[in-house]
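**Q** Take the given structure of chain A and dock chain B to it, following the hints.
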Amino acid sequence: MLGYTITQWLFGILSFLSIMFALMVVFSRNPVNSVLYLVLTFFCIAGHYLLLNAQFLAVVHIVVYAGAIMVLFLFIIMLMNLNEDTEPQRTWITKIIAGIAGGMLLFVLVGSLKGTEQLGLASYGSSQIGLVKNLGKVLFSEFLFPFEIASVLLLAALVGAIMIGKKEIK
Amino acid sequence: MIAFLIYKLILCVVVFAISLGIAAYSTLWERKLSALLQDRVGPDRAGPFGLLQPLADGGKMFFKEEIIPNVSNRFLFVLGPSLVMLTALMTGAVIPWTKDIYVNGHLYSMQITDINIGVLYLFGVVSVGVYGIMIGGWASNNKYALLGAIRASSQMISYEIAMGIAVIALIITSGGTLSLREIVEQQDAGLANIVWQPLGFIIFFVCALAETNRAPFDLPECEAELVGGYHTEYSSMKLGLFLFAEYINMFISSAVMSAFYFGGYNFPFAHELYDALGLHDGSKWIAIIGFGAYFTKIAIFISVFMWIRWTLPRFRYDQLMKLGWRVLLPLSLLNLAITVVVEFIRGNITF
Chain A
179 MLGYTITQWL FGILSFLSIM FALMVVFSRN PVNSVLYLVL TFFCIAGHYL LLNAQFLAVV
239 HIVVYAGAIM VLFLFIIMLM NLNEDTEPQR TWITKIIAGI AGGMLLFVLV GSLKGTEQLG
299 LASYGSSQIG LVKNLGKVLF SEFLFPFEIA SVLLLAALVG AIMIGKKEIK
Chain B
0 MIAFLIYKLI LCVVVFAISL GIAAYSTLWE RKLSALLQDR VGPDRAGPFG LLQPLADGGK
60 MFFKEEIIPN VSNRFLFVLG PSLVMLTALM TGAVIPWTKD IYVNGHLYSM QITDINIGVL
120 YLFGVVSVGV YGIMIGGWAS NNKYALLGAI RASSQMISYE IAMGIAVIAL IITSGGTLSL
180 REIVEQQDAG LANIVWQPLG FIIFFVCALA ETNRAPFDLP ECEAELVGGY HTEYSSMKLG
240 LFLFAEYINM FISSAVMSAF YFGGYNFPFA HELYDALGLH DGSKWIAIIG FGAYFTKIAI
300 FISVFMWIRW TLPRFRYDQL MKLGWRVLLP LSLLNLAITV VVEFIRGNIT F
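So the protein lines, in turn, are chains A and B. First residue of the first sequence: 179, per this note's numbering; consecutive thereafter. First residue of the second sequence: 0, per this note's numbering; consecutive thereafter.
So here's chain A without its partners, still in its complex pose (with noise of 0.2 Å):
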């Protein structure tokens, strides 16, 4: 089809979404479309995963960020019932400083990413580093230290999230 093998059609395809959805996030008015869009957005990301060939990341990506953590966002905003009407008015000073602020943070980004070596494509299909038995012995073996930090680190922010959660400390 024109030249392109049907990943290269789904990659191209998936990229547009995300972009898409992932600008929705930002433009719609309504803080629950917002989210509701962001969710659309970790799918398509989801999708890439599953181009990669990289299953295990894929399903884990939307169990833990689609299923529970965008839950729970979603749950807080639909108690606090923003909407247009609540949503605070912003003078057009903002506005300017917002857009300077922002189109800078695009300059940095341009310029660094300008710099980097442009890195080869990595041969998809072949690749089986992202099954779940592959996955678990590099993790566990290789790359055991910083995955046993990382756990220490949720442990930490489970603790805190605690603390903060409780009314009175005993």
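One should not assume that every hint holds.
[Stated by the list, open to error] What follows is a set of in silico ranges between Cβ atoms, one per label pair, in the way DEER data are often shown: (1) B:38 with A:229: 56 to 62 Å; (2) A:229 with B:321: 41 to 47 Å; (3) A:268 with B:332: 44 to 50 Å; (4) B:326 with A:344: 17 to 23 Å.
[To be verified] Only pairs whose alpha carbons sit at most 35 Å apart, straight line, appear in this in silico DSBU-like list of lysine-lysine: (5) B:63 with B:142; (6) B:142 with A:344; (7) A:345 with B:142; (8) B:283 with B:31; (9) B:7 with A:311; (10) A:273 with A:292; (11) A:315 with B:7; (12) B:321 with A:344; (13) B:7 with B:283; (14) B:31 with B:142; (15) B:59 with B:142; (16) B:142 with B:321; (17) B:283 with A:311; (18) B:321 with A:345; (19) B:31 with B:59; (20) B:63 with B:31; (21) B:59 with B:7; (22) B:321 with B:31.
Read the hints as simulated data drawn from the structure, not as lab findings. Ideal placement from N, C-alpha and C gives every residue a C-beta, glycine not left out.
**A** This is chain B only, laid out in the frame that chain A set:
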């Protein structure tokens, strides 16, 4: 290639039809069973023994007036029940319904797709199913619906954790595979997983009750406090989709429990029976007998679900949360620890 696509398409349609058919007749069976438990007759007017009752109910749902509240978000209001139904039907794709069949020298697998992360796929789909209820409840723009939706999603998230840890223990027992097919096949050679995972099964069963929003965990639609819960504002077939999805979820979770803990299409002395009948692997009769065994297990589970609903009163919300976080979660961790020790002694885990 074309033949493969047609065969998969037929399989999809069959699984779809079976899910809907079982769900439809579950509604009748539920009413019959509740009648039995309460010493009544139950529906018996439509057709012989009331067998046409599901059709009558479905027809009624279709012909009812459809009301979309003015203040609601129309798109999300319709999206909610559709999403619930979609995710309920998607779970059937990874379940191995019966043994492979040889037709004209080709091996046909009776499973839509055997992905090597089947168990995680199930969890992914279930966790996305929460959105249907949340979106539906929020888009109704009704306090009761919102409260129901929030209850439903917090309940589902809380019980998913204990369920996940129970399943991790199960996966260790069945040799570290995430494919449902391999989990079932491995029970063909040895004992059913329930022998090694009795506590895990009880945790999984309780969590399955909570995930399907069945009594005694039906707080999201608790009519005494919340009118109708998340589907208060829904009418006509959109309400039908919500109610129907619950029955499909019940069917699928029964199927998953039978596959995980009771060997799916395997049954005790299956090989002796097949040898006595002179059947070989790949015969269609083996597939049919296996299918029958699987559906007997599923039917028993569905009946137990209903039996529990008509026997136990509903939990209070704080009791629900306490049970999920303070009882089931520690129990599932304990189960995981015991499993690791037992499997180490059995020699299935090496370091």
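**Q** All hints are to be evaluated individually against the structure, with a verdict given for each.
**A** Here is what the structure says about each hint:
The hinted range of 56 to 62 Å is satisfied by residue 38 of chain B and residue 229 of chain A, whose Cβ atoms lie roughly 59 Å apart. Range check, residue 229 of chain A to residue 321 of chain B: Cβ separation about 44 Å, and the 41 to 47 Å hint holds. Between residue 268 of chain A and residue 332 of chain B, the C-beta spacing of about 48 Å keeps the proposed range 44 to 50 Å intact. A hinted range of 17 to 23 Å for the beta carbons of residue 326 of chain B and residue 344 of chain A is consistent with their spacing of about 21 Å.
Distance restraint check for residue 63 of chain B and residue 142 of chain B: the Cα-Cα separation of roughly 24 Å lies within the 35 Å cut-off, and the hinted pair is therefore satisfied. Simply put, residue 142 of chain B and residue 344 of chain A have alpha-carbon atoms about 27 Å apart, close enough for the 35 Å limit, and the pair holds. The straight-line distance between the Cα atoms of residue 345 of chain A and residue 142 of chain B is roughly 26 Å, inside the 35 Å bound, and the hint therefore holds. With a CA separation close to 34 Å, the supplied pair residue 283 of chain B and residue 31 of chain B stays within the 35 Å bound.
A hinted pair counts as satisfied when its Cα atoms are at most 35 Å apart, and residue 7 of chain B with residue 311 of chain A qualifies at roughly 28 Å. With a C-alpha separation of about 28 Å, the suggested pair residue 273 of chain A and residue 292 of chain A falls inside the 35 Å cut-off, and the hint holds. Between residue 315 of chain A and residue 7 of chain B the alpha-carbon distance is near 34 Å, which keeps this suggested pair within the 35 Å criterion. Distance restraint check for residue 321 of chain B and residue 344 of chain A: the Cα-Cα separation of roughly 16 Å lies within the 35 Å cut-off, and the hinted pair is therefore satisfied.
Under the criterion of a C-alpha separation no larger than 35 Å, the hint pairing residue 7 of chain B with residue 283 of chain B is consistent with the structure, at around 18 Å. At roughly 34 Å between alpha-carbon atoms, residue 31 of chain B and residue 142 of chain B fall within 35 Å of each other, so this suggested pair holds. At most 35 Å may separate the alpha-carbon atoms for a hinted pair to count; residue 59 of chain B and residue 142 of chain B meet this at roughly 28 Å. The straight-line distance between the Cα atoms of residue 142 of chain B and residue 321 of chain B is roughly 25 Å, inside the 35 Å bound, and the hint therefore holds.
Between the alpha carbons of residue 283 of chain B and residue 311 of chain A the distance comes to roughly 34 Å, so the proposed pair stays at or under 35 Å and holds. The straight-line distance between the Cα atoms of residue 321 of chain B and residue 345 of chain A is roughly 18 Å, inside the 35 Å bound, and the hint therefore holds. For the proposed pair residue 31 of chain B and residue 59 of chain B, the alpha carbon gap of about 19 Å is at most 35 Å, so the pair holds. For the suggested pair residue 63 of chain B and residue 31 of chain B, the alpha carbons sit about 24 Å apart, so the restraint of at most 35 Å is met.
Using a Cα cut-off of 35 Å, the hinted pair residue 59 of chain B and residue 7 of chain B holds, with the two alpha carbons roughly 33 Å apart. Distance restraint check for residue 321 of chain B and residue 31 of chain B: the Cα-Cα separation of roughly 33 Å lies within the 35 Å cut-off, and the hinted pair is therefore satisfied.
The structure shown violates none of the earlier numbered hints.
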